[in-house]
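Asker: As a plain string of letters, each chain reads:
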Amino acid sequence: MKRPQAQVAVLEAADAQEERGIDEVADEAGLKPEAATRAAFELEADGLLTVAEETIEHYDLTEEGETYVRESLPEQDLYEAAVDAGADEDAVSMGQVIGTSGLEGAAVDIALSNYARKGYGRIDSGEITADPDADTGDDPEMLALEAVADGRVEDADDDALSQLERRGLVEVSEETVRSVVLTDDGVTQLMAGIEVAETVDQVTPELLTSGEWEAVEFTEYNVAADAEPASHGKEHILRQTANRVKDTLVGMGFQEMQGPHVDAQFWINDCLFMPQDHPARTHWDQFALERPDEIKELPEDLVERVRSAHLEGVGPDGEGYHSPWAEDVARGLDLRGHTTSLSMRYLSGHEIGELEPPERFFSVEKVYRNDTLDPTHLLEFFQIEGWVMAEDLSVRDLMGTFTEFYEQFGITDLEFKPHYNPYTEPSFELFGTHPETGEIVEVGNSGIFRDEVLEPLGVDCDVMAWGLSLERLLMLMYGFEDIRDVHGTLCDLDLLRSEEVMH
Amino acid sequence: MPVVDVDPDELRYLTGHEEKDDDQLKSDLFDLGLEFEGWTESEEFQLEFAPDRLDRLSVEGVARSLRYHYGDDRGVYVPNTNSAEWTIEVEDQPEERPYVTGAVVRGLDMGEDALESLIQLQEKLHATMGRKRAKGAIGVHDLMMLKGEAAVDGTGKSITYTGVDPEGETFVPLDSDAEMTPAEVIADHDTGKKYGDLVADFDRVPAIYDSIGLFSFPPVINGQRTEVSEGSRDLFIEMTGTDQWTIDHMCNIVCYALAARGGQVERVEVEYADDAPGEHAGRTLERPDLSVRSKTVTLDRIQSIIGVDLDPEQVVDYAERAGLDAEQVETEDGEVAFEVEIPPYRVDVLHPLDLVDDIGRALGFNTLEPTYPDVSTVGGRHERSRLEDAARDALVGLGFEDLLNFHMTNEAENFERMGLSVPETADDAADVVGAADPVTIQEPYSEDYTILRTWALPSLMMVLENNTHRRYPQDLAEIGLAAELDDSENTGTAEHRTVAGVLARTDASYEDAKARLQALAEAFDTDLETPPTSHPSFIDGRAAEVVLDGESVGVVGEIHPRVLVEHDLELPVAAFEFRLAALS
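Each protein sequence line maps, in turn, to chains X and C.
When we follow this note's numbering, the leftmost residue of the first sequence carries the number 1, and every step to the right adds one.
When we follow this note's numbering, the leftmost residue of the second sequence carries the number 1, and every step to the right adds one.
Keep in mind that the hints were calculated from the coordinates and are not lab data.
For every residue, glycine included, the Cβ atom is placed at its ideal position computed from N, Cα and C.
Take the hints with a grain of salt, since some may be wrong.
Said to hold, decoys possible - Here are a few chain C residues that sit away from chain X, every Cβ distance over 10 Å (derived from the structure):
(1) Glu320
(2) Pro373
(3) Asp475
What the hints assert, rightly or not - Derived list of chain X stretches under chain C, where covered just means 3 residues or more per stretch with a C-beta under 8 Å from a C-beta of chain C:
(4) 55-68
(5) 176-182
(6) 398-405
(7) 447-457
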């Protein structure tokens, strides 16, 4: 039989007949009292030892009590001074007695209140008398105080003791004293012999399979201390945000689009009814490419219809732009300035085939703008793009859809400010209330695609669309001040590591 | 977005609403879509607005919109015009700039404010509709200073728009005292230097003459003789350009602004010679053309877009409040429709839908109750984005910190600092991962961003470089775009998703990288082989091809000390990169 070292030591120090105090046992076993106590309880649980508990009261003098033992009680001093002043015969002025007694401050009140209680005399109308029969030398409270001081508390009078406790001259504390005695089982096992089990640092396969774990003691750790930092994998905060947006949109019935980052201006601008000389086409400052510089093929019939929409307009009262339109310009390759190029590809039927209403599509993909790089602007960022295709959509449907979407991100009280885009009419800038600061902030741009956009694409129902920068949503949700800390090679790993996981 | 400076006192005067304080004006303007951006130095409102309502590029136009907004005016207003006394003869004009238009406005009491406003309107129209004067340029002259030739038909007076040899004639341009030829203006005059490019390729430059001689060199500069001053009472306005519709409408906007100042508009005749270049040869146009256009829109379309039922009377009311006129008509199919008249200063109405927008704004879009469209569709993720997410999850599970870097980079980062040479041609590109011919940007924002990255490891190395003060290990991964020139693609570009990972730690070794690759391959049930290879970014003998299901798709190894030192790293880095598609 193996038992932990502490248990073995306690068993050996205990006696079968005599109850032995735990301190004594600990001393003999070479253990700290706490360790011995813990081992005793473990042994008791196994039936090898009985642990008896007794509560003992301890009396200790307070600082004040110690002073009085050394000197005398204040009421004794007062009595002596009173007798010296002749108060045992006639009443004497109190001021005079106190003056000669040497009592000061709080001691005066203490002396006065106990003087009368003990029958040393009387105090009345500023005069004091002393009982000539009083025996201050035999004061029971003083005797009890001396008994406590000498460790003879059993000699002290109980009433006097409780009086001393009330006066704050002694303190009473309780202590639980444990003593142990071996049980018969304990004796039997001791006779049979008990080996000391080793202490163990690590749980090992061998320990488990051999059953040794039952007999070992594990070394104690400082469980409160900080551990070495663990490195851990974590999805990028912007990806988390993108995925949350995607989840929301998929939940609202949207399908995801994908498409080229390098694309013809035709898909990026011309299909969107952006006139080729419109300031917006340079205003967006899209990155034109040097190599490659031109798309090889565009759908010819679509090119013709788009050209016609630009030059002649669509419908009986359509006008078109009074701007030149050249296919060369349309063929030029750019880094897409918005993912609306994907919407155009999908709506045209050239990406996944002809679409029949109703449809909902979205993408959360990168776009590129030749902008100034600063804390809130990047040359490339993610655009959330979404559209709904259905018969007879109204601006109220647009409002309802976007209200629903933004509420998922805590942005409420959406406002729709009429706006102008070349490709949508009506168009709205979206403003919402910031979830933290309560500010009114711009959260997107939206509208119903113009006939000049849809008719060339062969779409003969309504399509409403909106766009928003993902980084803007991220900054609103997290309060980042410099987007460059997050997105790009200047990112700060510490920031990415410590940012709270989105859920 | 266009910005216009507007004096609030002028607004109060022109709208007749002296009682409106600045804050009320700002709020009313905001409702119209004109946002107060701040005060100018001369205590004017700086207003920003979307570039559709270019008729609001002056205080007169803004005041007109406000009067409709307040309900002071309703419906279409067209100023009366007097019959033409002046003619613009057009002959031998440069074919690159064939069109001209004009108007006379008399009886103005210009004053400082009106003159300033006219100059601003001119500048703003140049910047927007005029496409920096290329498409249309405005010249305003003091009529008193013009001496017209007797017109060809014998009635009235004329000026002539023609072309001239840049060195063949002289005049005194504005802001100058000297006689100069157009060529000298382009070479030496400040305004000439700024706009000279517009006519640099012309054999003969645009020129306008009266009987005294050359007085304007459009689109560059006017002559000093006809300069408009605060005392000018009668003005001659001419505009030249590459599109008749555009300059005619710029002219309309200017005429409306001057009419609002009390000016009387007088027509001019524009007589294109029989052999004049352009679409109008042999024709005489009377300008300004303040005719009212009309477009038809059905009640059904108005209701379906705005999403509420409207009475025909309401539609007419909203149209009039928007400065339009609407008359109820019936279409051939018997539908209720409206013939809507559009004033000649509106340049943004291209389609009946634009009128629906006007009606909606007059009604107040913000008063509409949102509805959720009652159509159901099935949502879903794109297959490729699902694969990308699954791979990203696996990488994160392997302890990688997921990163997101720019796709744009430069040749130094993408090639040279990784130990690769910059490929000059597609054939020149070495046959190793990353060494492809890159997509290049025409006018880069900065030399830091000149190409699209051909691989993602350089991005991760840059992140390591910028985070040497942060805790190690730094196990970083990214799944993202890489692109290269590829002539077999329609866009000339092969775009693919790449998976890159780096393990930066004091004991990083080839085996650490390979172990993670193995785990990935196993998770996606693909077969991984790593035959030895040589790659300039990696240590020889510690680099291998990543072969997944028999196809070589990437590289794995220990980064070469040369590359580590280049990136200021003081510990080993094991790395890999391969095509995401190989996991599918």
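Asker: Cut-off 8 Å, C-beta pairs, minimum 3 residues; does the coverage of the region 398-405 of chain X by chain C stand?
Answerer: Since 5 is at least three, the answer is holds.
Asker: May I ask you to check that Glu320 (chain C) keeps its beta-carbon over 10 Å from the closest beta-carbon of chain X?
Answerer: Correct as stated: the minimum Cβ-Cβ distance to chain X is 18 Å, above 10 Å.
Asker: Is it the case that Pro373 (chain C) keeps its Cβ farther than 10 Å from each residue Cβ in chain X?
Answerer: At roughly 4 Å from the nearest Cβ of chain X, Pro373 (chain C) sits no farther out than 10 Å, so the non-interface label is violated.
Asker: With 10 Å as the threshold, tell me whether Asp475 (chain C) passes as away from chain X on beta-carbon distances.
Answerer: violated (6 Å)
Asker: Taking a Cβ-to-Cβ distance below 8 Å as contact, does the region 447-457 of chain X have at least three residues touching chain C?
Answerer: Satisfied; 4 residues make the cut.
Asker: Under a C-beta cut-off of less than 8 Å, do 3 or more residues of the region 55-68 of chain X approach chain C closely enough to confirm the stated coverage?
Answerer: violated (count 0)
Asker: Establish whether the coverage given for the region 176-182 of chain X by chain C is satisfied; the threshold is a Cβ-Cβ distance below 8 Å, and no fewer than three residues must meet it.
Answerer: violated (count 0)
In this structure, the hints that do not hold are numbers 2, 3, 4, 5, in rising order.
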